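Chemist: Below are the chains, spelled out letter by letter.
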Amino acid sequence: MTASAHLEAGAPPVETPLALRLIRRHGGHLPAVLVALALTFLILYPLASVVYGSFFGTAAKGVAVQSWADALRQPGLLEALWNTVKVAAGVQIIGMPVAVGISWLLARTDIPGRGVFEFGFWILFFLPALGVVNGWLLFFDPTYGLANSFLLRWGLVEAAPFDMYSYWGIVFAHLSTYAIAVKVMLLTPAFRNFDGALEEAARICGAGRVQTFFRIVVPALLPAILIVFVMSLIRSFESFEIELFLGIPANFTVYSTRIYTLMAQDPPELQAAGILASSILMVMLPLVVLQRWISVRRSYVVVTGRGARGPATLGWLRWPSCLAMVLALGFIGVLPLALLVLGSFMKLFGFFSLAEPWTTDHWHTLFADVTFSTALVNTLTIGLASALAAVLCYTIVAYCTVRGRSTALRGYLDLLSWLPATVPGIILSLGFLTMVLNVGLLRPLYGTIGIIVLANFLASITLGTQIIKVAMLQIGSDIEEAGRVVGGSWLRTFRSILLPLALPAIAVMAVMVFAVSIRQVGAIVLLSTGQTRPLSILQLEFLASGILGPAAVIGVILVALSLVAGLIVRWIGLRYSVQERS
Amino acid sequence: MEQTRELVIDGLSKHFGDKAVVKNVSLELQRGEIVALLGPSGCGKTTTLRMVAGLAAPDGGEIRHRDRILVSATRGVSLPPERRNVGMVFQSYALWPHMTVRENVSYPLRIRKVARPEIDERAARVLTLIGLGDLGGRLITQLSGGQQQRVALARALIYEPALMLFDEPFSNLDAQLRVQMRLELKALRRKVEMTGFFVTHDQTEALSIADRIAIMRDGRVEQVGTPRDIYKKPATRFVRDFLGRAFALRGRVVRDGGLAIALDEGAGVIAIPGSAPALSGGEEVEVSIRPEYVSVTPLAANAAPAALTGRIVDLLFNGDTFEAHLSVGGQSVTMTLPTGRDWVEGEPVAIVLDAGNLQLWHSGAVVPLGAA
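Protein sequences appear in the order of chains X and L. Per the numbering used here, residue 1 is the first one in the first sequence, and the count goes up by one each step. Per the numbering used here, residue 1001 is the first one in the second sequence, and the count goes up by one each step.
The set of hints was computed from the structure by calculation and includes no laboratory data. Predicted, not measured: the structure shown is a model, and the values here were computed from it. Be a bit skeptical, because a hint or two may be false.
[Said to hold, decoys possible] Residues from chain L that face chain X, not an exhaustive set, calculated with beta carbons under 7 Å:
1) L1055
2) A1057
3) G1060
4) G1061
5) S1078
6) E1082
7) M1088
8) F1090
9) A1094
10) W1096
11) T1100
C-beta atoms are modelled at their ideal positions from N, C-alpha and C, and glycine is treated no differently.
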């Protein structure tokens, strides 16, 4: 019997309660509002408590509260800030031109093997930094590094020229892991979309090759280069583990490692850590605003969708440049991984001169060690739980961002889900720690896997929602509307139409979140305890205490897991991405 | 206008991999003349244009401008695009997004190291000429499609290139704007002398803009001629059908005194004014004529004896006209009928063809008609 039949039968009209009426009228907004509230708390509260802590410390610890000015005069704080800037500058000044050159080669020329190289840089971006740097030690260690001993043996140098444990070692470690790779990943598609007709028009108008490149191509691509540069600058504040492992022995601290040592003290210097974190947030604020401004405004878009006609011909330079690229990728990609594997089988890490240098002992002992097996289980638990949380939550966040009813709310959600990418992991870690200590309701989370998963959840939210958002935008709302029109409820349409279509993207996202979570260091380093410590943190502890062989074993495991994840993502992408075909 | 050969394309060919996209194309341009390269997509028209511009290299043949060799595959000569002194309007406009309108337009002069005051003066002049005099300071992204189109034109005109190349310049505009731009281009040609090629796949555009049309198909030039000639007397069936509608009927050759074509089912006999000695009696041929030279009237008792008879099968009302599908001797033809009269489906009609504009086709080729 239908509702109208009820009315006709003379059922007395019931006064609907106010709350119910409000929900009926504004109920469509409710899910988005709840998501927005939860995210606001999760993102802003940790940051707020860091800033609060920088002024007032934590009352509980009984540490004397100083003024900002006094605290900044503490030895090492300003130096740590300055060192942070120095590393960022060194990495960007070298990395940016190199990445622009490589991207240009890959996107705008007929260099053989373009696709393979692009994939190579993508894999490079996927690799966990610690493992790679662990491998580099065999090559560039000041005492036993192969490069040093080679040069010394042939009498080419008087003293060992390379030292991983130094400023330049840190810069090199960044460049060889993700600093160049991430830029190439972002710039190559932008360069590829550049409309070749702009170049042709300049040639027709009378400009030569060189003039066209500098007056037309570079200025027209400048917005893309600029945004990648700003993103890289923001990302450079993220770095922590490389500096901790290579910087501490060299007495070179940056803000993030300084926060770590401050918090490792007893009692932890929460206020000083908060001041460092707040200062960095202040330095980053203009960059963050700038990045948001550029990307929202999209300035002048050079993308016409028509793409270029025929890439530039390199002529006789084709094969030499291909060879150079093979050597470069081999050097920064394959060599350190090969060394890492070697290192995991060495009796004494780096000492090739021993009579019998090889052993499988590290593998045996480590797998028998309960610390290791706990960490392995923790890593897998954290990776899977983070991926699961990502699938459940990012999908909803992305859906609300793309299809929410209110424009303002959509914009706010978009901003919220983008913000965490700009917050350095160590600051997130610090914020989460103060949050669980300060909020009574959350205190039971302290020292659990849960808090680590939560930190990972937040650390990956930008990447994750972005992937789903793009997929949902491509699906288009009409497909969903068609589902509603033929009589499906919202939930049914979401479940039987939108989800299956978005499934490849969701799978990609889950694997990426897994990969990012298992190698996560910065965002969880202050949150893990002996019981909840995953492999990445154990590896860092080994490395920091010079236990390089077992560290290499963990490095091999994490690298292998990351490679598998990368290949899965690639496979799903190739198999299901229809949109990438033009 | 005196006839001076401005550009000669001689035996041009181009392959992409195994596929020949331009096959032995030869064309000439007279001074002050715009020739449309017309054809379906993939026929090689844009590639031909790009070889003239220097953006693609031919595998065979030669392009000469007056006494300059622009490119010659046999002699191994090729001028880079910037030294050919051509202007080009791109389909995507290819305006530089980081420059203002004025900067875009003056850039060619800046490359040519023209003095600043002269650049400013000429930029102002050309912007006025195309009707964007007050938008010089705008960014490209702040312009509408039609305005961008005009800027692209101005940028190509400002350095008075020897040749103008248009690569489907209006295809990104909506229908109304396209008609307007055609008119504007025509007006512009009265003020500025232009010699060049106009690549398009839109036959109306080609017919209305060009002095001559070269119809291309599968990499070859199928026919070259003035728009009127080529429209009225297409040399191939492809040209005939590509350029517009044709009223075509098959019949058998009848020779009793003169030449005539008899249709099946007693639908009538078409008298042909001329002789075609190659045709023998009883052979099947096709008669075609542009619909404008056909008159359709209601069948009355006093119909002209030369008229064919037919019947309206389907009638579609289009507002200003009817689209009528007629059956003539078992064959179906489509005609546009005026709305002045209330036609009805099933109505018998008399059809009169203007004998002077008939063409005879035999196995896909035009049959030349001699004097009767």
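Chemist: If a hint holds in the structure, say so; if it does not, say that too.
Modeler: Hint check:
1. L1055: 5 Å, holds
2. A1057: Violated: closest Cβ of chain X sits about 10 Å from L:A1057, beyond 7 Å.
3. G1060: 19 Å, violated
4. G1061: 20 Å, violated
5. S1078: 13 Å, violated
6. E1082: 5 Å, holds
7. M1088: This interface hint holds because 5 Å falls under the 7 Å limit.
8. F1090: Cβ of L:F1090 sits 5 Å from chain X, so the hint holds.
9. A1094: Hint holds; L:A1094 Cβ to chain X Cβ min 4 Å, cut 7 Å.
10. W1096: Because about 6 Å separates L:W1096 from the closest Cβ in chain X, which is inside the 7 Å limit, the hint holds.
11. T1100: Since chain X brings no Cβ nearer than about 11 Å to L:T1100, farther than 7 Å, the hint is violated.
Violated hints, listed in ascending order, are 2, 3, 4, 5, 11; each of the other numbered hints is respected by the structure.
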